[in-house]
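Read off the chains here:
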Amino acid sequence: MKFKMNLKSILLVLFAAFALSACSTAKKSGNMEGDVYTGTETVKYLAKGVPDRVFFATNKSSLTTKSRATLRKQATYLRKNKNLTVTVEGHADERGTREYNLALGERRANAAKDYLMTYGISGKRISVISYGKEKPVNTASTPLAWSQNRRAVTVKVN
Amino acid sequence: MKKIFILSFLIILQSTFAHSLIKVDITRGNLDPLPIAVSPLHVDPKSEISENIKVKELGDKISEVIENNFRATGLFNPLKKEAFVQKPDIAHLKPRFEDWRLIKAQALVTGKLLVKDDKLKIEFRLWDLTASKEMIALAFTTTPTNWRRVAHIISDKIYERLTGEEGYFDTRVIYVAESGPKDRRVKKLAIMDQDGANTKYLTLGNELVLTPRFNPANQLVTYLSYFRNLPRVYLLDIETGVQEVVGNFPGMTFAPRFSPDGKKIIMSFAKDGNSDIYTMDLETRVVERITDHSSIDTSPSYSPDGKYIAFNSDRSGLQQIYVMKSDGSNVKRVTFGKGLYGTPVWSPRGDLIAFTKVRKGRFYIGVMRVDGTGERLLTENYYQEAPSWSPNGRVLIFYRETKSDSKGKGHSAKLWSIDITGYNERKIKTETDASDPSWSSLLSK
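As you go down the protein sequences, you meet chains A and B in turn. Numbering follows this note's numbering, with no gaps: position 16 of the first sequence is 16. Here this note's numbering = 1-based position in the second sequence + 1000.
Keep in mind that the hints are not guaranteed to be accurate.
Said to hold, decoys possible - The list that follows gives simulated cross-link-like pairs (lysine-lysine, DSSO-like), each with its CA atoms no further than 27 Å apart:
| id | chain 1 | residue 1 | chain 2 | residue 2 |
| --- | --- | --- | --- | --- |
| 1 | B | K1407 | A | K44 |
| 2 | B | K1188 | A | K135 |
| 3 | A | K135 | B | K1407 |
| 4 | A | K124 | B | K1271 |
| 5 | B | K1087 | B | K1023 |
| 6 | A | K66 | B | K1271 |
| 7 | B | K1271 | B | K1332 |
| 8 | B | K1271 | A | K82 |
Keep in mind that the hints were calculated from the coordinates and are not lab data. Note that the coordinates shown come from a computational prediction; the quantities given were computed from them, not determined experimentally.
Start from the sequences, fold in the hints, and give me the full structure.
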């Protein structure tokens, strides 16, 4: 029985890994994975090796593996700089209704904040603000621009 | 909106002809607009000569405003004045109906004006040329600077007489005036007459402002401001210019509107990644939570009787429209079509909800019955959203943005209107780029 279970889960894992790799190779193109931006063109750095922003899929606020790695770097940096407070600015692309985008930006900023908090950063050090679609970083009307605009950016306050 | 408007309104003769022959049907798209002749208002010989007021010019301008109003409805075809067959003063006494019929006019508007003791008196008549009858005769006395409003009120009276529906010309639109590049956009609250005249800016553009809405009396505006970089719902008294933040929320408040009785503001409050709908009573300051769900609930809109609230939520996974009782109970999803649905706006008649739909990268403005059936998409474009109803529930105003090029340039935002029949789509003239329009109720009601 136990063996059977294990075999089943191994098969599942194998299948999932296969599906994922197939998926990522199929959808990976240039600086995007699915429709999440993976490039560095618009990225600034809180310190050397500490990117200031994470990117999201359309209408989503879940963090990708890469985003989580970025946020762990931010958390490490914030732990080392105990007096630093930050604002996480949440943004959406121009392809949604304005009010929904304001809410979505807030949700994205909080997704980043929550992750920083699970890595030991006090919520008191992190404020959030949403700009919805009001402050695009790339003003073009292209899928690449939209992917760069769907972001949560950690900004130093002091 | 100063209360400079003192208008004495005098019915000299309200004709009681039950059976006029001309009638404009506004319930369907009108491909054959009613030919109407708007004669220039002539100056009464008894009018005082004033250095400040060019009375003759005023008469021409008033008839021009009326004409433009009619043309913009798509229901009327104002005829060219060169073809007019009678002098304005003679026509105003009694038109030679058969002569006007020759130029294919079916309705005729005539009028005269008189300036006396710094007061402007305007009289007009509407004639049914087919039945050879007078349909209305009305006179107004006001201050000369109010001539535009009188022109709109006259337009409303004529529209009402010919269509059997309330007019919407004596109204204003509040919107967000936009300028500058997309990533450094300057936004100001602006207010204008429905025809684009008399634009006034209510904020200076120092902070980002969004989504203004009138209260039912058109004296207050609620909107979102990023004052001191804290996005909060504000209340602005147009007359005094006094602004105040609405409520004391520990986070972003947004998407505000008034309740139909004007006593409450309904809005979203976002905290910890979750947006829910709240109301605040403006007198008691009591805050009530209306929705309690881990999803995004926003863009609320009351039914005109205040009993229901439509809103959009992504509780199903994607943005859809829901209707609930105004206490938050009985939440029902009403949109099930393919795509995303947002910005529900209950019509002033209560029978329809206007919305924005997003499907396959295209944006639609549509209307449906309040249970979600009978969806009709009126217009499709690259980006458009946020419809707002004319007070008679016949026209929607919304904003449309155009694509920017690969360098991020060439983007624009403009106001547009469309009849709920799907006909008569029009760009509204604004001094600057514009978005987030909200239509007032009738000012003279």
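Okay, the hints, checked on the actual structure:
1. Distance restraint check for B/K1407 and A/K44: the Cα-Cα separation of roughly 21 Å lies within the 27 Å cut-off, and the hinted pair is therefore satisfied.
2. With a CA separation close to 16 Å, the supplied pair B/K1188 and A/K135 stays within the 27 Å bound.
3. Simply put, A/K135 and B/K1407 have alpha-carbon atoms about 16 Å apart, close enough for the 27 Å limit, and the pair holds.
4. Restraint check: the Cα-Cα separation between A/K124 and B/K1271 comes to about 14 Å, which is no more than 27 Å; the hinted pair holds.
5. For the given pair, B/K1087 sits about 26 Å from B/K1023 by alpha-carbon distance, which is consistent with the 27 Å threshold.
6. A C-alpha spacing of about 26 Å is found between A/K66 and B/K1271, which places the hinted pair at or below 27 Å, so the restraint holds.
7. As the CA atoms of B/K1271 and B/K1332 are separated by approximately 24 Å, the hinted pair is consistent with the 27 Å bound.
8. Of the supplied pair hints, the one linking B/K1271 and A/K82 holds, its CA atoms being roughly 25 Å apart against a limit of 27 Å.
In terms of the numbered hints stated before, the structure departs from none.
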